[in-house]
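K.L.:
Numbering (the numbering used here), first residue to last: 517 to 1042.
These aren't lab readings, by the way, just hints derived from the structure by calculation.
Since the structure is predicted, the reported quantities are computational estimates derived from the model, not experimental observations.
Virtual Cβ for every residue (Gly too), placed ideally from N, Cα, C.
Certain hints may be false.
Calculated pairs, SDA-like style, for lysine to any residue (alpha carbon to alpha carbon, straight line, at most 20 Å) [said to hold, decoys possible]: (1) Lys-837 with Arg-765; (2) Lys-1017 with Lys-837; (3) Lys-1017 with Gly-855.
Distance ranges between label pairs, derived from CB positions [what the hints assert, rightly or not]: (4) Pro-997 with Leu-628: 28 to 38 Å; (5) Asp-674 with Arg-990: 43 to 53 Å; (6) Ala-547 with Pro-722: 53 to 63 Å; (7) His-557 with Thr-942: 36 to 46 Å.
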Amino acid sequence: MSQALPQPSPPPQQTAAAAPVTIVLDPHDDADCLHHALAAHDPAAGCVTVHPTPGASTDSQLCLDVLIALGKPADQAATLSGRAGGEHAVAAATAWLIGSRTWLIIAVRTHLLSAAQRARLVCLAHESGAKLIVVWHARAEQDWTACFPGATGFHLADRLRPAIAAARLERKPWHSAVPARQVLHCAERGQQPARSDPDRDDVTLPVLPASDFLRFRAVAYRRLSLSQFQHVDGVYTYGLDLACTWILRHGDLARAPATRRLASARPTQWGAMTGNVRDQASILHRLPEEITPDHPYPYRIGALHPLRLFLTDLIADCPTKEHAVARIRGAQAGLFLHGYLLTVPILMGRPAGPGLIAQLTAEDAERIATHLAHPVHAAALATALFTGARLHDLQAIPLAALSPDATTIEIREGTQAAGLVLPEETITYRVPVYARGILAAARAFLLLTGHHDEEPLLEQGLGSRGQQLLISARTCALTVPSLLEHAEHHRSWLRRTTCWKVGESIHPTSSQSVAGRESAQETPHA
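I would like the entire structure built from these sequences, with the hints used as guidance.
P.N.:
Here you go:
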């Protein structure tokens, strides 16, 4: 399991005071200096080396070079530089620097830049919170303030390599607002996963049984080979442990009002209402009909928001649908051992929703970030993939729906099924770690171009009928399942999920934590 990455840099208006500009003097144009600058270029690690285009004089052209250095397509970046007088290219470059958490910008040949371009370099570093190192291939100037308007101070150096090393030492550590997943091993002895990453990319799970969680593990054991079952059981147990950890942190969930009588509901009716088989409904009917002090159960859980957030977090980074199904079934088993009956659709491969027909892998996110230069286009495609939300629901997402650290996004979803329009619900999705920078870049771009929190977040990347979303998907060679006609009439499995308190916990726990993770007692898991 990959741990949570650091949170994206804050928007420009929240960035701290800019750091002094480091000027590396290279009057003899030493080849080693340029070699060290290019060797330090690693956008994935937060270090970007910009080699300006000779002869260009505008700041938008410099931002085009920044976008190319960040790995964006040159043709799309050039299109951005031609919009709004170059304002979109400037905003896109700044936004992607923020979203990618760039901490060091190295610019070479800065003695050939215009004053406007050097001022833009200083502004990019200031707004993104990055440290700026410029290489000056000429003699030292007497007035550096005139050369770099807007800079708060200067530090002169005669060698680039020590300057980069000093910047690394001065780099401030990133802190994530969301702690890494903590796991309490609640599985029985001998069933604990022997590794901290049950979802390794080299492990392909087989086709899983369609059984409910009551029989899932037993059916898998009978149908699969031993090695296949061990892989499935590892993912299943990981979901079980995460569910146990989560319920121990949150305690008893609040009950919903008016859930005292259950006698009027038949098992078949419960199956129709919740999308589950008769086995789960029969659990409720074997319990007392009336809630009394001697028989306080069952009662329905009313606060589903934290539970749904846990479920989206549980499957946010699953590499395949099979991993998501195994984790969900494990989570059902873990909650049941703590006295909670979590009901989800039995045929997990058919319902719409995150982790099933909707999925965004780390490879997909990387493809989106490298094939789309417009931050909003990239964010719209990523959000459509990891949420599975329908087009009109995506169009209604405001900027304020994305949390400040880009770890969650709220979507108000409506459903039309069998000719009936069901009430809208607000679903909070956990944004996958590898997609948070994309969404943070989209928000930064919109704020930089004059948009407000109440305005749509993804509208520019969707189109009125989804035409821009389709163009982006084709550019990235990806498919958006929520745009398919047959998926429009399916309710998300999250909205079909309910939870009941059916008894006391019977599951023993231990406080061991997965190797390489912090103690499970230190930070609550949301």
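K.L.:
It remains to establish, for every hint, whether it holds in the given structure.
P.N.:
Against the structure, the hints:
no.	hint	result
1	Lys-837 with Arg-765	27 Å, violated
2	Lys-1017 with Lys-837	28 Å, violated
3	Lys-1017 with Gly-855	6 Å, holds
4	Pro-997 with Leu-628: 28 to 38 Å	49 Å, violated
5	Asp-674 with Arg-990: 43 to 53 Å	50 Å, holds
6	Ala-547 with Pro-722: 53 to 63 Å	55 Å, holds
7	His-557 with Thr-942: 36 to 46 Å	42 Å, holds
Consistency with the previously given hints fails for numbers 1, 2, 4, ordered from lowest to highest.
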